[in-house]
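Participant: In case you want the letters, here they are:
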Amino acid sequence: MIWREANPGRLFVCRMEFESDLLDSLEEFAKEQNITAAFFVALGAVRNASIAYYEQKEKRYVEEKLDDPMEVLSCIGNIATLDGKVVVHAHAVFSDKSGRFRGGHLLKGTAVFAGEVLIFELRGVELVRSYDSVTGLNLYTPKPA
Amino acid sequence: MIWREANPGRLFVCRMEFESDLLDSLEEFAKEQNITAAFFVALGAVRNASIAYYEQKEKRYVEEKLDDPMEVLSCIGNIATLDGKVVVHAHAVFSDKSGRFRGGHLLKGTAVFAGEVLIFELRGVELVRSYDSVTGLNLYTPKPA
Amino acid sequence: MIWREANPGRLFVCRMEFESDLLDSLEEFAKEQNITAAFFVALGAVRNASIAYYEQKEKRYVEEKLDDPMEVLSCIGNIATLDGKVVVHAHAVFSDKSGRFRGGHLLKGTAVFAGEVLIFELRGVELVRSYDSVTGLNLYTPKPA
Numbered sequence: 001m002i003w004r005e006a007n008p009g010r011l012f013v014c015r016m017e018f019e020s021d022l023l024d025s026l027e028e029f030a031k032e033q034n035i036t037a038a039f040f041v042a043l044g045a046v047r048n049a050s051i052a053y054y055e056q057k058e059k060r061y062v063e064e065k066l067d068d069p070m071e072v073l074s075c076i077g078n079i080a081t082l083d084g085k086v087v088v089h090a091h092a093v094f095s096d097k098s099g100r101f102r103g104g105h106l107l108k109g110t111a112v113f114a115g116e117v118l119i120f121e122l123r124g125v126e127l128v129r130s131y132d133s134v135t136g137l138n139l140y141t142p143k144p145a
Numbered sequence: 001m002i003w004r005e006a007n008p009g010r011l012f013v014c015r016m017e018f019e020s021d022l023l024d025s026l027e028e029f030a031k032e033q034n035i036t037a038a039f040f041v042a043l044g045a046v047r048n049a050s051i052a053y054y055e056q057k058e059k060r061y062v063e064e065k066l067d068d069p070m071e072v073l074s075c076i077g078n079i080a081t082l083d084g085k086v087v088v089h090a091h092a093v094f095s096d097k098s099g100r101f102r103g104g105h106l107l108k109g110t111a112v113f114a115g116e117v118l119i120f121e122l123r124g125v126e127l128v129r130s131y132d133s134v135t136g137l138n139l140y141t142p143k144p145a
Numbered sequence: 001m002i003w004r005e006a007n008p009g010r011l012f013v014c015r016m017e018f019e020s021d022l023l024d025s026l027e028e029f030a031k032e033q034n035i036t037a038a039f040f041v042a043l044g045a046v047r048n049a050s051i052a053y054y055e056q057k058e059k060r061y062v063e064e065k066l067d068d069p070m071e072v073l074s075c076i077g078n079i080a081t082l083d084g085k086v087v088v089h090a091h092a093v094f095s096d097k098s099g100r101f102r103g104g105h106l107l108k109g110t111a112v113f114a115g116e117v118l119i120f121e122l123r124g125v126e127l128v129r130s131y132d133s134v135t136g137l138n139l140y141t142p143k144p145a
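Chains as they are written, first to last, in this note's numbering: chain A, 1 to 145; chain B, 1 to 145; chain C, 1 to 145.
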């Protein structure tokens, strides 16, 4: 386990706006508020979604566009930085009208219908993402701030 | 993004009782403890469940009764108020014996088998729900308490 | 509702290591850090997983081994004790390459591909698990520490 103890930072309770882009909204908010390390949980509904599945062997994301209104049953994610820029990473579980489940790594291009989010900012720690050759992912390493 | 910074309030660690109603238990607890703004996460199992899917175009909930014992793989929700009364809003992911996934917006009529919950009370903020004509939902607006 | 108010404890932001065992890593970490009461949320990916479904009537877990790389769309759990030993309890939602959802009560034998975790330690409370004859499960009872 690679870890750091963080101090509790600001606590933001948010409502995402209708037709906003889920990831963009969080990214914009993080920039405005200067949040560089945080975790969040969310629930709500989307008008459509863009997700990806990571092929671990091929080390590439396979993207998919879901053109259906869906409930957001769960969305767990975090805010970190990559090359000094804010990066929002989130995984979501959706269910549609027919009860079909879909979900994955969220991409931009996910239109909010309604969204309720709680953001736990982390202080005293930096979550700096960098390329990890073993997984092919930009993984964060918690570091003292 | 519509948002407020909240102060961390009380932190409640709970075990839901066998055959209690999942939403009622949380609502009763919120009333007893005078919790009017909170988020929570939970896991456990249910004996059955009542859920709803929101038809975004028709602006109505379609309800469904699930008469199977299921694992609660995720339950994320919040506590807010509507017309001065406590409202618990939660989305849950269930899986049954055959591995089938179901879930949605939780309704009353969900019988707990076992449930473990962590509630993060929010202070310095009111989560007041009111009718939103765009979505047809009672959305909260975070306001200073 | 059986409950206690807890004090916020340490806040740990973690990255799970490639090919580590998901539950073992958390258990080892809890032992090293002397964490006996906590909740956590996580996301990431696994190379495979071991899960169980609890048959409520028969009071037994049915185990299943999932030999596929999968996204971890949600993982919610807690750290408690049973007979003085640390026990990690977690439920996870996975999705595989074909978009199939699986998940359940996590068992040891779940190999991490990448994992991001936030652990909320709880102070002033003990989460002591003991056998509950009604459900057949080792349920925690929150007690003053």
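It is worth saying that the hints were derived from the structure and are not from the lab. Wrong hints could be hidden among the right ones.
Just so you know, same-sequence chains aren't split out, so a pair can sit in one copy or run between any two.
The calculated lysine-lysine pairs, modelled on PhoX-like cross-linking and capped at a C-alpha distance of 25 Å, are [said to hold, decoys possible]:
1) 65 to 143
2) 85 to 108
3) 97 to 59
4) 31 to 57
5) 97 to 143
6) 143 to 85
7) 57 to 97
8) 59 to 31
9) 97 to 85
10) 143 to 108
11) 143 to 57
12) 97 to 31
13) 57 to 85
Participant: Please go over all the hints and tell whether each is borne out by the structure.
Facilitator: Quick rundown of the hints versus the structure:
1. 65 to 143: Classified as neither; 35 Å inside a copy, 35 Å across copies.
2. 85 to 108: within (16 Å within a copy, 36 Å between copies)
3. 97 to 59: Between copies, since 13 Å is at most 25 Å while 33 Å is not.
4. 31 to 57: neither (34 Å within a copy, 33 Å between copies)
5. 97 to 143: neither (43 Å within a copy, 33 Å between copies)
6. 143 to 85: Close inside one copy (16 Å), not across copies (30 Å); limit 25 Å.
7. 57 to 97: For residue 57 and residue 97, only the inter-copy Cα distance (12 Å) is at most 25 Å; the intra-copy one is 33 Å.
8. 59 to 31: Neither way: residue 59 and residue 31 sit 29 Å apart in one copy and 34 Å across, limit 25 Å.
9. 97 to 85: Neither: 37 Å inside a chain and 30 Å across chains, both beyond 25 Å.
10. 143 to 108: Neither. Shortest intra-copy (27 Å) and inter-copy (29 Å) distances fail the 25 Å Cα cut-off.
11. 143 to 57: neither (29 Å within a copy, 46 Å between copies)
12. 97 to 31: Neither: 35 Å inside a copy, 33 Å across copies.
13. 57 to 85: neither (28 Å within a copy, 37 Å between copies)
Of the numbered hints stated above, those contradicted by the structure are hints 1, 4, 5, 8, 9, 10, 11, 12, 13, listed in ascending order.
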